[in-house]
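J.: What follows is the residue order along each chain.
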Amino acid sequence: MDQFVDLLKSAMPFRMVPDNLIRDIAEICTQHSFAARENIYNLGDIADDVYIVSSGSVQHILGADSGTSQHEKIMRRGDMFGWAAVLEGQNTRLAATSSKEPTQVIRINGKELTRLLETDPAVGDVVMTRFATMINKEFSVPRSIADLVPGFKQALTAKSLQGSEVTTMALTVYRISTWLKSPRPYLMIIGFAFVLGFWYLSVEIWKLPRFVDMPGPTEVFTEWFSKDPYYGLSVYTPEYYKHIGISLRRIAFAFFLATGLGVPLGLFLGWSKSFREFIFPLFEVLRPIPVLAWVPLAIIIFSGSETPVVFLTFLASFFATTLNTMLGVESIDESYSRAAYCLGASRWQTFIHVVVPGAMPYIFTGLQISIGVAWFSLVAGEMVSGQFGLGYLINTSYMMIEYPKIIIGMITLGIIGYSTSAMVRMMGDYLMQWRVRELALGDN
Amino acid sequence: MSAVLNENADAAGDVTKGAISINDVVKIYDPDGAAVMAVDHCSIDIPAGEICMIVGPSGCGKTTLLNAIAGFHDITSGSIHLDGELLCGPEKPQAEPGSDRIVVFQNGALFPWKTNLENIAFGPMMAGKLSKQEIYDKARSMMADAGLSGTENNYPGEVSSGLRRRVEIVRALMNDPKVLLFDEPYRALDSLTKSVMHEALLEIYYRNKVTIFFITHDLEEAIFLGHRLIIMSSRPCKPKKIVEVDIPHPRDYSVLTSPRFREIMIEAKDVVHEEAQKAFDAGEKEG
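Here the protein sequences come in this chain order: A and B.
For what it's worth, this note's numbering labels the leading residue of the first sequence as 1, then goes sequentially.
For what it's worth, this note's numbering labels the leading residue of the second sequence as 1, then goes sequentially.
If we strip away everything but chain A, and leave its shape as in the complex, we get (with noise of 0.2 Å):
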């Protein structure tokens, strides 16, 4: 057993390969010993075995057609012959063998030894490629020949023939399946229920004392669900619907302006340092200054009800959106922009093609960041100003004592929040095909 690891490991084309491969190829390795001028196997017969030298000398003579520029050659030690077989569609001998000495050798099955490669199939790869080399360089066989070596690359490419096939949708029931899978969905239940469970407790069973002007569950979802609301609010009423559709045309004008004005800005102020000098600090002043600061002035600037509240929305979600940006064009990779100026591309190719998508990822992490802030700050604005929205909605019904509207609002703004975020990541995967199906087949 280990004469044969290493005599497997003196034979060129196993040379690295890993100690438990060579282990198992010197399982089916079988010790044949032969006389002096012994014949081994003739030409044109049955090849299944390859075998290695590991004492003495053998003959080795290429017959007629294997198209050969040297027919004799002598194998010694660690020397492999009989390669025809693992030849593919090759299953008789090309070459007739004897002993010229009293000869060891070791066989090895072919279709066992492939078999056995094919399980590493990197590792399987390389001796392949070394089995065809050695055939073509060595015996100076030519290449069509060499080439009926089989190769593995169907594993080496397996990863990508699978990334060439994720389509959105494939990937969709991919990510569910593992999703369901996995514990989160049932630990995301089990949050759900537990809080419900303490409200509906707290509130309805309890009924603890600083919980006794606070809906309960029954109560809001009642109302929430019922055609005749009592206080005159349900998935059924159009206004419930208006306040709603209000607070998203603020958010989406609050949120695409942020975003237009924003990307931009970054992607300046990441690329151009003289541009950064004279921006940044400012920006950096009037950044941790908290939207509600804003408010009496955005009232005092903007006329009537809804621009003060769009302006306060944009403010905070196009400070996220900026800074991201530029902290994305700083994090790209010297190497990327340098290699894009050797391939001969201009400073302007080289944004486009390099700064632009190279800071997409944090791009999208600004964004979903400015979706947020972008929420926080619209009910901000809403409860000081304006009119309908979601955030007007809580803070009249608070001063209306119409408390369960207030957890519907709540709950609404949670529910719309979600969507709205998880739109900007579809967007961004939609938009980083690369990113996701690297992700998907995981980093290598």
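Honestly, the hints are just simulated from the structure, not real lab data.
Any given hint could turn out to be false.
Claimed, not checked - A short, non-exhaustive set of chain B residues, derived as facing chain A with CB atoms under 8 Å:
1) Ala70
2) Phe72
3) Gly98
4) Ser99
5) Ile102
6) Asn107
7) Trp113
8) Gly123
9) Met126
10) Tyr155
11) Val196
12) Met197
13) Ala268
Since we're looking at a predicted model, the values are computed, not measured.
C-beta atoms are modelled at their ideal positions from N, C-alpha and C, and glycine is treated no differently.
Given chain A's structure and the hints, the job is docking chain B onto it.
T.: Positioned in the frame of chain A, the structure of chain B alone reads:
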């Protein structure tokens, strides 16, 4: 010695473009007022079509030299010519990066947001001289030659690291460069993949003869690939010993076990080891 050179010149074929001449180059970095000499009066002449291996310990300033040729950095004094034309010199301290000298980066610089095919087509697309169809046809046929068929529409992140390196070399060759500059490209690969990459690189080289300026600290890699080894002293960087590798091309992996390979290895090893020791004593960091 000159006979060996001629033999190597034959091996390089009839390449007429891509001779690099580095003359007395000095590079001094001056961060925080503490001047550090990275390259010290370095002169190297590389004939067209040669695979020239620059060997030295990590952080000895080899990459500084490569960056000066590529045009990423300026030089303090001296000059670098490509085929007799000035790249950088006294009046023009920094060369203009261009597609006649393409760098293959240490960690690979394929654009992860472009497919392999788009990456390979990038240079000609930027030049805008050919139609998209012509460029893509050429890219596809070069990919087929390099055994990359079937991976055209994959993103680099989806294929093995070995395949990525091959794509990167093909991307460079698409621009018919005079010189390929390799900055330790196989450093992060395991030895098995590395051996395959070496054979693949030589195969590509035999088909597209260009001058190769290859930085490495791996002596086996250097001898296996190179016509000539230039062993650099540790910082400041200057040529310390030149070793001719008179093993004829084309080579394959069986060369590694040949006696001549061992002899060259022994000849080079002492010098390299001495420099590595010096670098270590000087507390040089990786880089």
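J.: Going through the numbered hints above, which ones does this structure break? Give me the numbers in ascending order.
T.: 12, 13
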